[in-house]
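Asks: Kindly generate the complete structure, drawing on both the sequences and the hints.
Protein sequences, first through last, are from chains A and B. According to numbering that gives the first Met the number 0, the first sequence is numbered sequentially starting from 0. According to numbering that gives the first Met the number 0, the second sequence is numbered sequentially starting from 0.
Because the hints were derived from the structure by calculation, they are not lab data. Don't take every hint at face value.
[What the hints assert, rightly or not] Heads up, incomplete: computed chain B residues facing chain A, CB under 10 Å, no partners named:
1. Glu-10
2. Ala-12
3. Gly-13
4. Asp-14
5. Val-18
6. Gly-21
7. Gly-29
8. Val-30
9. Val-31
10. Arg-32
11. Asn-34
12. Gly-63
[To be verified] Straight-line distance between alpha carbons at most 25 Å, and here's what the computed SDA-like set of lysine to any residue pairs gives:
13. A:Lys-93 - B:Thr-20
14. A:Lys-8 - B:Arg-82
15. A:Lys-83 - B:Lys-35
16. B:Lys-60 - B:Thr-20
17. A:Lys-71 - B:Val-11
18. A:Lys-173 - A:Lys-93
19. A:Lys-83 - B:Val-7
20. B:Lys-38 - A:Leu-244
21. A:Lys-66 - B:Asp-14
What you are looking at is a predicted structure, and each value in this text was computed from that prediction instead of being measured. For each residue, glycine too, the CB sits at the ideal point set by N, CA and C.
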Amino acid sequence: MEQILEQSKLVSSVLPSQALGESEKLSLYCLRIPVEEGELWYHNLTGELLLLDYADLGLFETEGNLKDELSKRWFLVPKQHDEKKLADQIRTVKELLKPQKGNLNHYVVFTTTDCNARCFYCYELGRRRMHMTDAVAHDVAAYIAKNCGGKPVKILWFGGEPLFNHRAIDIITKDLVAEGVEFTSTMASNGFLFDEAMVKQAVSEWNLSRIQIALDGTEAIYNRSKAYIYRDGSPFQRVMSNIGLLLESGVNVSIRLNMDAKNADDLDALVDELAQRYQKYTNLSVYAVLLRDFGHSIGEFESWEQALSRYKALQERLINMRMGHVKYLERDIRFNQCMADNDSTFTILPDGRVGKCEHESEEGFIGSIYEDSFDQDMIGAWKEQLRIPECDSCLQYPTCIRLKKCAWHAHGCTEHDRAEMRINLTQKVLNEYERYKSGKVKESLV
Amino acid sequence: MKLIDGIVLTEVAGDYVAVPTGEASEVLRGVVRLNKTGKDIWDGLAADLSSQQVADALLQKYDGIDDESARSYVEDVLDKLKRAGLIVE
Numbered sequence: 000m001e002q003i004l005e006q007s008k009l010v011s012s013v014l015p016s017q018a019l020g021e022s023e024k025l026s027l028y029c030l031r032i033p034v035e036e037g038e039l040w041y042h043n044l045t046g047e048l049l050l051l052d053y054a055d056l057g058l059f060e061t062e063g064n065l066k067d068e069l070s071k072r073w074f075l076v077p078k079q080h081d082e083k084k085l086a087d088q089i090r091t092v093k094e095l096l097k098p099q100k101g102n103l104n105h106y107v108v109f110t111t112t113d114c115n116a117r118c119f120y121c122y123e124l125g126r127r128r129m130h131m132t133d134a135v136a137h138d139v140a141a142y143i144a145k146n147c148g149g150k151p152v153k154i155l156w157f158g159g160e161p162l163f164n165h166r167a168i169d170i171i172t173k174d175l176v177a178e179g180v181e182f183t184s185t186m187a188s189n190g191f192l193f194d195e196a197m198v199k200q201a202v203s204e205w206n207l208s209r210i211q212i213a214l215d216g217t218e219a220i221y222n223r224s225k226a227y228i229y230r231d232g233s234p235f236q237r238v239m240s241n242i243g244l245l246l247e248s249g250v251n252v253s254i255r256l257n258m259d260a261k262n263a264d265d266l267d268a269l270v271d272e273l274a275q276r277y278q279k280y281t282n283l284s285v286y287a288v289l290l291r292d293f294g295h296s297i298g299e300f301e302s303w304e305q306a307l308s309r310y311k312a313l314q315e316r317l318i319n320m321r322m323g324h325v326k327y328l329e330r331d332i333r334f335n336q337c338m339a340d341n342d343s344t345f346t347i348l349p350d351g352r353v354g355k356c357e358h359e360s361e362e363g364f365i366g367s368i369y370e371d372s373f374d375q376d377m378i379g380a381w382k383e384q385l386r387i388p389e390c391d392s393c394l395q396y397p398t399c400i401r402l403k404k405c406a407w408h409a410h411g412c413t414e415h416d417r418a419e420m421r422i423n424l425t426q427k428v429l430n431e432y433e434r435y436k437s438g439k440v441k442e443s444l445v
Numbered sequence: 000m001k002l003i004d005g006i007v008l009t010e011v012a013g014d015y016v017a018v019p020t021g022e023a024s025e026v027l028r029g030v031v032r033l034n035k036t037g038k039d040i041w042d043g044l045a046a047d048l049s050s051q052q053v054a055d056a057l058l059q060k061y062d063g064i065d066d067e068s069a070r071s072y073v074e075d076v077l078d079k080l081k082r083a084g085l086i087v088e
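Replies: Okay, structure coming up:
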């Protein structure tokens with residue numbers, strides 16, 4: 000037995016070794032992954048990762064020392080052991096350790112809810128379109144300056160398409176500089192409206208460090224999917240060129256590939272094109288997302304299994320081509336699912352209303368930048384967690400936070416959600432193992 | 000001698016963990032783990048008992064320990080809590 004990762008810091012400080020007794024079953028939270036050398040055993044509550052070779056695997060149920068070691072580390076537990084209760088106890092400690100409310104330092108600013116594209120899958124289709132006025136932009140900057148407590152601020156420019164009203168970004172960033180507020184910004188954009196001058200401005204004035212751009216396929220499919228309001232030229236070529244400008248300027252570019260049944264094959268061709276053009280850039284990362292609506296349908300895939308299989312294959316291909324973002328296990332305490340249950344992050348809408356979710360631009364607001372206090376009941380509602388009977392026997396329970404008000408979680412949690420989470424967790428464990436092995440190789444070469 | 004405010008004692012796997020919240024998290028960055036006997040001592044402190052009174056309570060609750068052992072154990076736990084900054088005079 001070889002330890003790849005030790006228990007997480009929190010767990011090792013609060014959880015005693017299990018008393019040795021009659022351990023009769025494998026822990027519910029143990030994920031077993033076959034590898035060439037045997038099996039990886041990852042404990043999703045304690046965070047410990049072990050490698051058991053084939054000899055160990057033949058012995059763990061019977062061999063005293065090995066069985067004791069696995070019991071002490073909570074991989075083997077008594078039949079009557081209430082694992083969910085233990086997970087809840089650890090969660091309670093995590094909750095108690097959550098940092099108290101402090102300054103408001105993270106903002107998602109909607110410069111507009113309008114957009115220059117008409118993507119068929121956009122969840123904002125049909126919503127009211129409004130631009131942030133100059134007056135409100137100045138007020139937003141003043142609000143941020145007043146509430147940041149002198150600490151650095153992070154802003155995510157959002158929309159609609161945030162560049163569709165880049166004037167608001169100009170105003171807010173200039174005012175923040177004048178107020179002496181230290182800030183960095185990121186952006187979720189279709190990338191169309193950039194040009195050389197705007198990229199330079201984004202870096203030097205907006206302090207843009209990272210941008211996420213979504214691509215739906217190669218040229219024909221992309222242009223059809225996005226359905227931009229412009230009639231001339233190829234938006235795909237313009238966006239690809241802008242991606243190059245952003246990469247060259249040092250901005251971290253994260254490309255999101257929206258996958259459904261119709262474009263799954265084409266995304267492979269797109270990945271080839273991205274590799275040909277941009278593989279040399281270390282500030283590029285590409286990842287796939289299964290396109291689904293809030294109703295959680297998988298569209299025209301024949302089955303969830305097929306959808307997950309295509310998704311997994313594309314993610315693996317991206318990692319093999321060194322464009323994928325290699326994800327590792329979270330080793331620190333995770334307090335929040337997202338901004339909705341994070342007390343230091345808020346959205347600001349074009350009219351100054353303040354909210355808790357970047358997917359929600361029409362309701363669920365907690366106040367505005369023109370009010371002195373927020374609606375605490377609504378803040379509490381955003382934090383409410385979703386629990387279903389399946390949680391009692393789910394591998395993911397120790398680390399899963401699903402929020403009742405979240406549009407993406409409103410359907411509950413299906414076996415397909417759990418299958419997708421298992422795929423992602425398995426990949427992270429394998430990535431950790433690869434990192435461990437390459438570390439050992441380096442040591443042996445020294 | 001008393002416990003500082005803002006410490007929450009919660010059970011984990013049959014033992015107990017003292018978790019600092021609010022301003023107490025500035026004093027103790029982390030947690031303190033206590034077994035069942037440590038919890039009894041904690042409860043005594045929370046009830047404003049003196050260290051001798053806490054030791055007497057342990058003697059009454061547990062068989063097989065003498066007065067000296069009980070006082071020594073109480074002192075050990077108090078020392079641990081003091082070093083963690085969780086007790087003020």
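Asks: Hint numbers the structure violates, sorted upward?
Replies: 12, 16, 18, 20
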